[in-house]
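J.: When you get a sec, could you build the whole thing from the sequences and use the hints?
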Amino acid sequence: MSSLTASRVLAPVGTAGKFFAFGLDVMRALFKRPFQMREFIQQAWFIASVTIVPTALVAIPFGAVIALQVGGLIKQFGAQSFTGSASVLAVVQQAAPIGTALLIAGAGGSAIAADLGARKIREELDAMMVLGIDPIQRLVVPRVLAAMLVAVFLNGMVSVVGVAGGYFFNVVLQDGTPGAYLASFTALSQLPDLWQGMAKALVFGLIAAVVACYKGMNAAGGPKGVGDAVNESVVVTFILLFIVNFVMSAIYIQLVPPKTG
Amino acid sequence: MGVEIQVEHLSKSFGKQLIWGDVSLTVPAGEICVMLGPSGTGKSVFLKTLIGLLKPDQGSIVIEGTDIATCSEKDLYEIRKLFGVLFQDGAMFGSMNLYDNVAFPLREHTKKSESQIRDIVMEKMDLVGLVGAEDKLPGEISGGMRKRAGLARALVLDPEIVLFDEPDSGLDPVRTAFLNQLIVDLNAQIDATFLIVTHDINTARTVPDNIGLLYHRHLAMFGPREMLLSSEEPVVRQFLNAQKVGPIGMSEEKDADELEAEKDQELPPLPPIPLQLEPSNGIPRRSQRPPGDWCRANGVTPPPGSFDENMSMATGG
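Respectively, the protein sequence lines represent chains R and F. The first sequence maps to residues 1 to 261 in the working numbering. The second sequence maps to residues 1 to 317 in the working numbering.
Read the hints as simulated data drawn from the structure, not as lab findings. There's no promise every hint is true.
[Said to hold, decoys possible] What follows is a list of derived Cβ distance ranges for each label pair:
1) R:PHE35 with F:GLU233: 53 to 61 Å
2) F:GLY144 with R:ILE243: 47 to 55 Å
3) R:GLN42 with F:MET122: 25 to 33 Å
4) F:GLU114 with R:ALA199: 41 to 49 Å
5) F:LEU137 with R:SER49: 56 to 64 Å
6) R:ALA6 with F:PRO173: 46 to 54 Å
7) R:MET27 with F:GLU4: 34 to 42 Å
8) R:ILE253 with F:GLU114: 53 to 61 Å
9) F:LYS74 with R:ALA199: 53 to 61 Å
10) F:GLY94 with R:ALA6: 48 to 56 Å
11) F:GLN116 with R:ILE251: 17 to 25 Å
12) F:MET122 with R:MET27: 37 to 45 Å
Since this is a predicted model, take the numbers as computed values, not measurements. Using N, Cα and C, we set each Cβ at its ideal position, and we do this for glycine too.
T.: In structure tokens, the structure reads:
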């Protein structure tokens, strides 16, 4: 009985261990030749095509909400001239990576998990291994790299669309002045903010793709198993991404002193 | 040609449940072997262990001096190039058409030009009778065609060992007969080692040189076809002749009461041993032995009517 409880309590530790082992396998396969260029380009194109439109549609209201919120707050403080800076800071540092993460995990990751899960239960992955081809090198590595690349691009897109949305709401709807909005851009924000946003996006893309591949490749129990794998991969990725986002933000704030206007 | 597989003291369990233990056998080079067993005795697990998809808990599988159970991942991928495996449902890559599926191993492992690849692929497609279906996706064809396409892909790298996971499941009797003939012809042609996992008795009685029977978490018997077909061993006898009387029950082995109840039942006589399938072009396979050879060598009298040319294929009840 006690061993049963122990094995149940320790089960999540085992899963986490297996996940990290999988991550290490992926890292190792990253440097194995030949690199699967074709698969990489196909996957990058595929992930981009399923994420670009939803990301743009998410980015506009995201930017708008921040502009409204920050704009309202800043008005109360009487510091309207810093509206632009505040919204750039919020969008570039937090909203863009998080928006990217949601879409990469929700649209890209779920598609990857479903694809690999279906291959797993149809024994395609077994067949591939038997043909002497390592599925991690052939399928997982290109997907992980593609997700990272697309995440960085999406991050840039969310930043641009978010800032533009913020500009629109601030200037057109809240009667801010275009000059003040644009001029204050660099008052509080600085270049490392941009690097940090990109680094976050890169890591989020990595985590989303590795989790999706891990869940997909370990799908079991027929078509229902694939559905479960997709569901779990999205939930797990979301949780991981928000935790990692917090940790990375905290480290960044410690490392890079905020710019004083 | 053909490579020997030496399996020694192999055990595999999932969690606390033992699948089979202490399995030792040698699959001779170039011969056709059939692994039989009631449903759920881990035949497919055995096959997957042989190709290193599952790690056994104990024991060794030695192929060309490499122990698959303990070798490194890198060696495993090298050794697997000797294998061709036909999976139960063909395991075709769903996103590629049949041509690309069959060409896939060639494109990944060889530096052949597209025209050379085309020749080889078309030759294999012709062998399994799929010419004209190259552009179809695996989802668009029947299960039998998927199986044959899987066979073409398994053969494309000229394997030394070909493993078949239930080649006859889901096929009609005519197609099964054709497939069995194809297996024998292929063996004559490429001289590779064949291992077929099945529970079709007709296949087991007529195709192989050797038969193995997995039952009750161990290997009940492994040996030449005639040895098992003339065996009086209850499990072997019951299974190879598809009888209800014997130690195998509906769920697993029968309990003491059931065995007691059928204690006095007369076992039907062993049916005659059928002739082994011969290659269709008449050229004998290298591992082929004359009918009744084993029986004569070991002083066993085969059941009356054995090795008769006109014997019906039906298995005795």
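J.: Now, for every hint given, state plainly whether the structure supports it.
T.: Hints, verified against the model:
Take R:PHE35 and F:GLU233: their Cβ atoms lie about 56 Å apart, and the range 53 to 61 Å holds. Range check, F:GLY144 to R:ILE243: about 51 Å between beta-carbon atoms, so the 47 to 55 Å window is met. Between R:GLN42 and F:MET122, the C-beta spacing of about 26 Å keeps the proposed range 25 to 33 Å intact. Distance hint for F:GLU114 and R:ALA199: a CB-CB separation of about 43 Å, consistent with the stated range 41 to 49 Å.
Between F:LEU137 and R:SER49 the beta carbons are some 21 Å apart, a value that contradicts the proposed interval 56 to 64 Å. A hinted range of 46 to 54 Å holds for the C-beta pair R:ALA6 and F:PRO173, which are about 53 Å apart. Look at R:MET27 against F:GLU4: about 38 Å separates their beta carbons, and that is inside 34 to 42 Å. The hinted window of 53 to 61 Å between R:ILE253 and F:GLU114 holds, with their beta carbons roughly 56 Å apart.
For the pair F:LYS74 and R:ALA199, the beta carbons lie near 34 Å from each other, so the given range of 53 to 61 Å is not met. Between F:GLY94 and R:ALA6 the CB atoms are about 41 Å apart, so this pair departs from the stated range of 48 to 56 Å. A hinted range of 17 to 25 Å is violated for the C-beta pair F:GLN116 and R:ILE251, which are about 55 Å apart. Taken as a hint, the range 37 to 45 Å holds for the pair F:MET122 and R:MET27, whose Cβ atoms sit roughly 41 Å apart.
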